[in-house]
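Participant: Line order of the protein sequences matches chains B and G.
So for the first sequence, the numbering used here puts the first residue at 1; every next one is plus one.
So for the second sequence, the numbering used here puts the first residue at 1001; every next one is plus one.
Derived by calculation from the structure, the hints in this document are not laboratory data.
Please note: incorrect hints may appear among the correct ones.
Claimed, not checked - Cut-off 20 Å, straight-line C-alpha distance, at most; resulting in silico cross-link-like pairs (SDA-like, lysine to any residue): (1) 1246/G to 245/B; (2) 245/B to 1009/G; (3) 1400/G to 1246/G; (4) 1250/G to 11/B; (5) 1089/G to 5/B; (6) 1089/G to 245/B; (7) 246/B to 1008/G; (8) 1246/G to 2/B.
Unchecked claim - From the structure, some residues in chain B lie toward chain G, with a derived Cβ separation under 7 Å: (9) 10; (10) 24; (11) 409; (12) 426; (13) 436.
Stated by the list, open to error - What follows is a list of derived Cβ distance ranges for each label pair: (14) 1151/G to 423/B: 24 to 32 Å; (15) 125/B to 1151/G: 55 to 63 Å; (16) 1009/G to 449/B: 38 to 46 Å; (17) 1253/G to 282/B: 41 to 49 Å; (18) 1253/G to 11/B: 13 to 21 Å; (19) 1089/G to 46/B: 47 to 55 Å; (20) 1126/G to 429/B: 39 to 47 Å; (21) 1442/G to 193/B: 26 to 34 Å; (22) 164/B to 1126/G: 45 to 53 Å; (23) 1126/G to 407/B: 30 to 38 Å; (24) 1406/G to 89/B: 47 to 55 Å.
Quick reminder that beta carbons are idealized off the backbone N, C-alpha and C, glycines included.
Listed here are the chains, written in short residue letters.
Protein chains: 2
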Amino acid sequence: MESTSILLEANDIPTHWYNIAADLPKPLAPPLGSDGQPAKPEQLEAIFPAAIIEQEMSTERWIAIPQEVREIYRLWRPSPLVRAVRLEKALGTPAKLFFKYEGVSPAGSHKPNSAVPQAYYNHQAGIKRLSTDTGAGQWGSSIALAGQMFGLEVRVYMVRVSYEQKPYRRLMMQTWGAEVYASPSTMTETGRHALADNPDNPGSLGLAISEAVEEAAARADTNYSLGSVLNHVVLHQSIIGLEAKKQFEKIGLYPDVIIGPCGGGSSFGGIAFPFLGDKAAGDKRAENLRCIAVEPTSCPSLTKGIYAYDYGDASGFTPAMMMYTLGHDFMPPGIHAGGLRYHGASPLISMLHHERQIEAVAVPQLATFEAGILFARSEGIIPAPESCHAIRTAIDEALKCKETGEAKVILFNLTGHGHFDMTSFERYFSGELNDYHYPDEAVRESLTHLPKFD
Amino acid sequence: MESTSILLEANDIPTHWYNIAADLPKPLAPPLGSDGQPAKPEQLEAIFPAAIIEQEMSTERWIAIPQEVREIYRLWRPSPLVRAVRLEKALGTPAKLFFKYEGVSPAGSHKPNSAVPQAYYNHQAGIKRLSTDTGAGQWGSSIALAGQMFGLEVRVYMVRVSYEQKPYRRLMMQTWGAEVYASPSTMTETGRHALADNPDNPGSLGLAISEAVEEAAARADTNYSLGSVLNHVVLHQSIIGLEAKKQFEKIGLYPDVIIGPCGGGSSFGGIAFPFLGDKAAGDKRAENLRCIAVEPTSCPSLTKGIYAYDYGDASGFTPAMMMYTLGHDFMPPGIHAGGLRYHGASPLISMLHHERQIEAVAVPQLATFEAGILFARSEGIIPAPESCHAIRTAIDEALKCKETGEAKVILFNLTGHGHFDMTSFERYFSGELNDYHYPDEAVRESLTHLPKFD
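With the hints as constraints, model all of the structure from the sequences given.
Facilitator: See below:
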C-alpha cells in the first residue's frame, strides 16, 4: 500500500533556514523611522535581542538553525507532506494534490516555527521574560509553548473581546504556564489610559501590541516577540518549504503550483520561498513554478492594495515599511480567518509580488468554508479558517486541471487545524456568515493616511 | 540528531488484528440473555452486521484487516511512538519513557480505530445508516468521521447536558456530515416517553443508548455502533499495540511496563494485548512484562468492583456479561475524564485481571491533571483527561526507577489530545476540581442490583 504521508526522520530537519533576501531581484527598501531616514538596528535593541536584529537585516542565503532549536522542532517536526488522494477522487481531477500539514505542532499551527527560535535567542541573550500580543490566540499560544521550553516567563496581552469569546486558546496558554491578560489591562500606561477613557473598551490588536511593546521597552529583563510580517519570522518559516523539498525529492516529484494563505505572509513565504530559491539558482524544475498567495476578498492587500511605505501596526508606532497595504487604519470586517485580517503584507512578499515573482488571488469567505468542509469530509482533518483559503484555491486549480487534463503537482500549506475554531463552522452551517468584499470607498479613505515624510 | 518519534510507513500498517480470545487462560464466559441462557448471535442481528457478530464470537488469533479499512487508517496511521526525552529529564529518571500517540487521528483519539471498521462492515452488509450514542462526543465524532468515509448516514444521540455544554464536539460531528440530536429527543419512543415525564430531562448515556438501539432495531437500513467494552472493539484497537511492537523492533527495545487508561477498556486492551500475545507464545522478552490498567478513584471497577455477571448498560437492556463491576446502576461522580466513567470493564480485560495477567491501579483526579500539565510543559502536547491517568502512573513508575536506578522501558498510551477538554483544565487551575474516592456505601447498594437468573 502506497504511503500518502511522506515522512522524514528527525535527522532530516534542515540544519539551515533559507533567506530569500539573498536572492531578491533588487535590495529590499529599508524600513523608515519617523524622520524618514532608514531605521537603525539600535532602535530595535530595547525590544529584540541582537541575534534577531541581525537576522532581520541579513542577506546571507543560509542561516544556521541552532541545535537547541532543532531539538524542540523535533517534538513535532518534520511535519508530514500528505497526498490528498481522497480529495483528488472527490474532485475527479488528474492533478496530484499535496498538503504540508503544520497543524501537528502542539499549538496547532505553523506559528511555533518562529516562536521557538525567538524564545531561544532571547534566552541566549539573558532575557528572562517575553511579552507579546495576540488576537485570537494562535501566536500567544505558540510563544507560551516556546517560552516554557526555554524556561522564559511569558506574558500575553490578549484582545479583550477574544479573551472573553475564546477561552480555550487562553487556557492553552495557561496550561503552558503563561500569564494572560485581557487587553486593555491595568498593567501598562497604555492600558490604564484606554480603560480610563472607556472602562468597557473591547480592545484591539493595535492596543495589545502597544501594551506588550511598552512592557518590553520598560523592563530590561523583558523582550517583545512578533509572529509575522518581519523578515526574521519569514526566515524561520522557511523550514516548511525546505522540508517539503526533501519530501518531494523522496518521491521524485516537484510542485508546479504552490498555494498558501496570506495574512502577514510568514507561512506563505515559508512554504514558497525555498522553491523560489531553486528558481533563482536556475533549477530547471522550478522554471515554470507558480506561487499563489491567497487572501480574503474582505482584506485583499496584495490584490487591491497599493505598494507604498506604511506602518506595520494600526496605530503607527512601528517604522514604515515598503509593502502592499490597504492603509494601516483600514479595519477589515470580522471574518473568521482572524490570521488573515491584516492591512498589509510582509515587505518580502510585497516586493516579490510587485516584481511578478508570485501571484495573488482573493477568495470570498463562504467559498473557503465550503472548500474546508469538502476537505474535512475527504481527508478527515478539520482545517483552520485561514487554511481553508489555501484549500479553496488548490481545489480551483485542481478543477482547472480537470478541464485541461493536466496532471499538475499542486502543493498547498495546511497551516493549522480548526479545533479552536469550531464556532466559525457553526456560524457557517447556520447561514450566519457573509461574503464581504473590499469596500472601495473605505480604502480610498484609509489610503489617504499613509505616512508622509518631509 | 536521534529521532524521538519512531515512525512507520503506510505499508507497515498491520494486515491483521490480534485477537486475545485465542490466548486466554480459559474460555470467556458467554454473555447471558434475560433467561440466564447464553445469548445467541441471532439476537444481535437486528443491530449489528454478521461480520461484527462473527468477530465478537471469534477465537481466531489473527483476523484480516480489510484493505479498504487500511486505506482509511492510512489517513493518520501508523501513529507515532514517541520517546518522551524532555519528560524523562524533567523527572530525572533513568527510565526510558515512550508514548504511543493516538491523538493524531482526525477525531483526536483512538476511537476511530474501531469506528472505521464498524462503518466498513455495515457498508459491506448494505446498511445505509448508523445510529449511536455519545456522552462527551468522542465516540460520536469518530462514527461521524467513519460514516462519512464509507458514505453512510450517521445519526448521533448526544446526552443533552453535553450537547449544550460541549458544542465543539457536536460541531465536529456536523462538519463530518452527521445529524446530532440532544437526547432525550422526540425521534424515538424512548425519548418521547422521557420528555413526557420531564421536559427538562438532562439525559444520560443509558437513555442515549436506548434511543440509538431503538432506532437501529426498528429500521432495516440502520444499525447500531458501540465504542468500547465488546470483544470486537478491543480487537480493532489491537492495531495500537501491533504498531508499537513494530516500532520497538525498529529501535531494538521491548517494554517492561505498559500503561493505559481504562474505562470500558478497549484502548487498554488495544495497546497491551499484542504484547501479552508474545508472552502467551513464550517470548522471553515478555516474560516479566507488566501491564497496568489505570482507572479513576471515583470509578474503580477493577480495583474495587467484584467479578460477576452484570449488564453492560445502566438500564439493563444488554445481555449480562461476566466482568468487574461496581453495579450497573452505580453513578460515578462528574469527573472530567468522561471516558472513564463506566461502571464495569470489558469482559476480556476483566478476565485477564481476575487471572492476574494484568494489574490495575486507581488514581485520584487532581494528581492526573498535575501529571498532564507536567507532560504538556515538557512534551508540548496537551493530553485528554483520560490520557492524564496513564501519564500519572507512567510518571509514578518512572519515579520508582529513579529510586532503584533501573532503566526500565515504560510504554504508555496517550489516547488523545485535550483540545476539546480545555474547560477541564480551567476548572483545575481555578481550584474547582476535587478528588473523589469510591463511596463504599453506594457500592454496597449498587451491588445488590446485579442481575439474578433463575
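Participant: All hints are to be evaluated individually against the structure, with a verdict given for each.
Facilitator: For each hint, the structure was consulted:
Of the pairs offered as hints, the one joining residue 1246/G and residue 245/B is violated, with about 28 Å between alpha carbons and a cut-off of 20 Å exceeded. Simply put, residue 245/B and residue 1009/G have alpha-carbon atoms about 19 Å apart, close enough for the 20 Å limit, and the pair holds. Restraint check for residue 1400/G and residue 1246/G: the C-alpha separation of about 27 Å exceeds 20 Å, so the hint is violated. Straight-line distance between C-alpha atoms of residue 1250/G and residue 11/B comes to about 16 Å, which keeps the hinted pair within the 20 Å bound.
The suggested pairing of residue 1089/G with residue 5/B is violated, with an alpha-carbon distance near 31 Å, which exceeds 20 Å. For the hint linking residue 1089/G to residue 245/B, the alpha-carbon distance of about 33 Å lies beyond 20 Å, and the restraint is violated. A C-alpha spacing of about 18 Å is found between residue 246/B and residue 1008/G, which places the hinted pair at or below 20 Å, so the restraint holds. Between the alpha carbons of residue 1246/G and residue 2/B the distance comes to roughly 18 Å, so the proposed pair stays at or under 20 Å and holds.
Annotation: residue 10/B was flagged as interfacial toward chain G, and the flag holds, the nearest CB pair being 4 Å apart, inside 7 Å. The interface hint given for residue 24/B is violated, since its Cβ lies 32 Å from the closest Cβ of chain G, which is over the 7 Å cut-off. The closest approach between the C-beta of residue 409/B and any C-beta of chain G is roughly 19 Å, which is over the 7 Å cut-off, so the hint fails. Interface hint status for residue 426/B: upheld, as the beta-carbon distance to the closest one in chain G is roughly 5 Å, under 7 Å.
Look at residue 436/B: its Cβ only gets to about 22 Å from chain G, farther than 7 Å, so that hint breaks. At roughly 28 Å, the beta carbons of residue 1151/G and residue 423/B sit within the given window of 24 to 32 Å. The supplied range of 55 to 63 Å is met by residue 125/B and residue 1151/G, whose beta-carbon atoms lie about 57 Å from each other. At about 55 Å, the beta-carbon gap between residue 1009/G and residue 449/B misses the expected band of 38 to 46 Å.
For residue 1253/G and residue 282/B, the Cβ-Cβ distance of about 47 Å falls inside the hinted range of 41 to 49 Å, so the restraint holds. Checked against the hint of 13 to 21 Å, the pair residue 1253/G and residue 11/B passes, with Cβ atoms roughly 19 Å apart. A hinted range of 47 to 55 Å for the beta carbons of residue 1089/G and residue 46/B is inconsistent with their spacing of about 34 Å. For residue 1126/G and residue 429/B, the Cβ-Cβ distance of about 30 Å falls outside the hinted range of 39 to 47 Å, so the restraint is violated.
Range check, residue 1442/G to residue 193/B: Cβ separation about 57 Å, and the 26 to 34 Å hint is violated. Look at residue 164/B against residue 1126/G: about 50 Å separates their beta carbons, and that is inside 45 to 53 Å. Roughly 36 Å separates the CB atoms of residue 1126/G and residue 407/B, a value that falls within the hinted 30 to 38 Å. Judged by the Cβ atoms, the range 47 to 55 Å given for residue 1406/G and residue 89/B holds: they are separated by roughly 51 Å.
Comparing the model with each earlier hint shows violations of hints 1, 3, 5, 6, 10, 11, 13, 16, 19, 20 and 21; every other hint is respected.
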